[in-house]
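Undergrad: Here's the letter readout for the chains.
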Amino acid sequence: MTVATPSSFRVVGGVGLGLAGLAVLWLLRVSTADQSVDSVPAPVMDGLTLALSVLIESLPFIVLGITLSIVVQLWIPQRWLFRILPANRFGRRFVISLLGMFLPVCECGNVPLARGLVARGYSVSDSMTFLLAAPIINPVTIITTHQAFGFDDGILVGRILGAILIANVLGWVFSLHPNPESLLTTRFAAQCAVGPSATSASRMQRSSDMFLREATVLMPALIVGSLVAGAIQVLVQRETLVALGQDPLLSVLAMMLLAFVISICANVDSFFILPFADTFLPGSILAFLLLGPIVDIKMLALLRTTYRNSTLVRLTVLTALITAAVGTAVNLVA
Amino acid sequence: MWRKFATWRGPLFIGVTSAMILWLYFSGQLSLYIHPRYHLFTAVMSMIAVIAVLWGVGYASASPSRPRRASGDAEGLDHGHPHDHEHEHEEDYLPSGRWSMAALVGSSVLGLATILALVLLPPTTLGSVTVENRAINQSGLGDSASSLEAASQGDDASFAAFTVREWAGILRQTSDPAFFRGKPVDVIGFVAEDPQNSEVFYLTRFVVSCCSVDAQPVGIPISLPDWQSEWPAEAWVRVTGEFVVNPNLDESHPLVVRPENIEPTEQPREPYLF
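Taken in order, these protein sequences are the chains called A and B. According to the working numbering, the first sequence holds residues 1443 to 1776 in order. According to the working numbering, the second sequence holds residues 144 to 417 in order.
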């Protein structure tokens, strides 16, 4: 690697400072490891343990997602993303909805990728198709869904087919828009019109910058999502959910609401929802697994950087309708 | 100051969380949060995160305006906030609107509280709050025909290896007292109240299939009238005895363990069953 600035002395100083901070943290941790937690109320402690387990479970996938999105954005020639696309519109969107197989990041990592695709010349509706399908149609999500559910009740197959359906239908709907640019925020559209900026930073340095920036966007959302998930686990009695879980339509809506609030990553959401599988009908579990990766509190915040509010309302309503229909249909069949 | 914090809170959160995950891994306590099959993957990714943050800190100290936008090939890819415009650096992270500012402050406070809890509060297992919330033996975990088969032709050695989960699974499948005769129970778990029956307590373990957020309490009924005066809830005990017909016919359990001996024991290093 080449460090662009001459001040490698300061680099060593900064890293040394970071290492010293790490040492202090670990010392603090070791010295507090055996203290009593009796003063903390039991529900708070259990809620915290549950929240931390969601955080610790998701974090490695976030790190993996950030790393892969850096590789794709900085280390792979962008034209690879175009060469494989068929000319036919529907064929093109179908191939795009499978692109996630090569870009295994969860939905949080897909937002910057989709923005990059638009900036690189993908149409707005094509980027939408990618954005909606890639969190589910990717090897990590497929593997974790399979680990959690196997082929039980067609949840895995339903999830894959449902995601392809939603992505292609919404991509098609948005491609009918007479002026697709107006789906984007003015700021982002203006930015796409400006070409790439020259930079003197080395690729290693830009990778490092990108890692920190992605962490800055994703970590607060992840932590808040984990805390909400932990709190809900403690506050909502399982019996309440069990009562909702047996109605074919109500349980679908309850699960969609849960997915919207929980804002958990597609790569791990199967495990999150697994303990509910006993009390909820399979179509409702499927609704959770379809809606969560596309529309939730965290995703809407991320998407607002790129798409206009009116676009997001349409996106949310259409996705929710298709999800509810698919979930209810599966419940009635199963 | 605010600006600097808004820029650096992500690296701070991911760095501290990853460092604490590494401590959990090396001190053998990561299984309090996640299933052992993810331990190595989680540790490796945490290590990558710690190194990436240290590296970023190094670059940033060389030129203080970092982390700046990763421009060039990645134009427009630095997502997430309304001000991502060329030539802006840290300003990017300070939103203008009142609501966005509130969201920034709120998520920062929650993030700081979370990493403080990770550093200062000792890792603990789930307790009776979660047991009550989730109800013992509500899920089908432990329903395995294999443990029934192992029990029907097993010897004392195989019974000794049975945990609460195996016995609970067998209990679901048969309530024939003859089946359990001569089959010694020797298990550890923690004491939990049975909300429906007062003269038994549940000897309980949590079963975890991914991370502790999916923990399910599984337990077997131990017959001990007035158990509350001897054992507090959440106490870890080792129970030896045998399944017999419940002497109290008013209770909902057809079979209960008649304990020969109950002794206090240490919480196991891995309190959850996987």
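These are computed hints drawn from the structure, not numbers from a lab. In this text the structure is predicted, and so the values were computed from the model without any measurement. Here a beta-carbon is modelled for each residue, glycine too, at the ideal position from N, C-alpha and C. Worth double-checking, as some hints may not be accurate.
Examples of chain A residues lying across from chain B (beta carbon under 7 angstroms, computed) [to be verified]:
(1) Gly1455
(2) Thr1491
(3) Leu1492
(4) Ala1657
(5) Met1661
(6) Ile1665
(7) Val1670
(8) Thr1682
(9) Ala1685
(10) Leu1686
(11) Arg1750
Undergrad: Hint by hint, note whether the structure agrees.
TA: The hints, checked one at a time:
no.	hint	result
1	Gly1455	holds, 6 angstroms
2	Thr1491	holds, 6 angstroms
3	Leu1492	holds, 5 angstroms
4	Ala1657	holds, 4 angstroms
5	Met1661	holds, 4 angstroms
6	Ile1665	holds, 5 angstroms
7	Val1670	violated, 9 angstroms
8	Thr1682	violated, 10 angstroms
9	Ala1685	violated, 13 angstroms
10	Leu1686	violated, 15 angstroms
11	Arg1750	violated, 12 angstroms
Checked against the numbered hints above, the structure breaks hints 7, 8, 9, 10, 11 and satisfies the rest.
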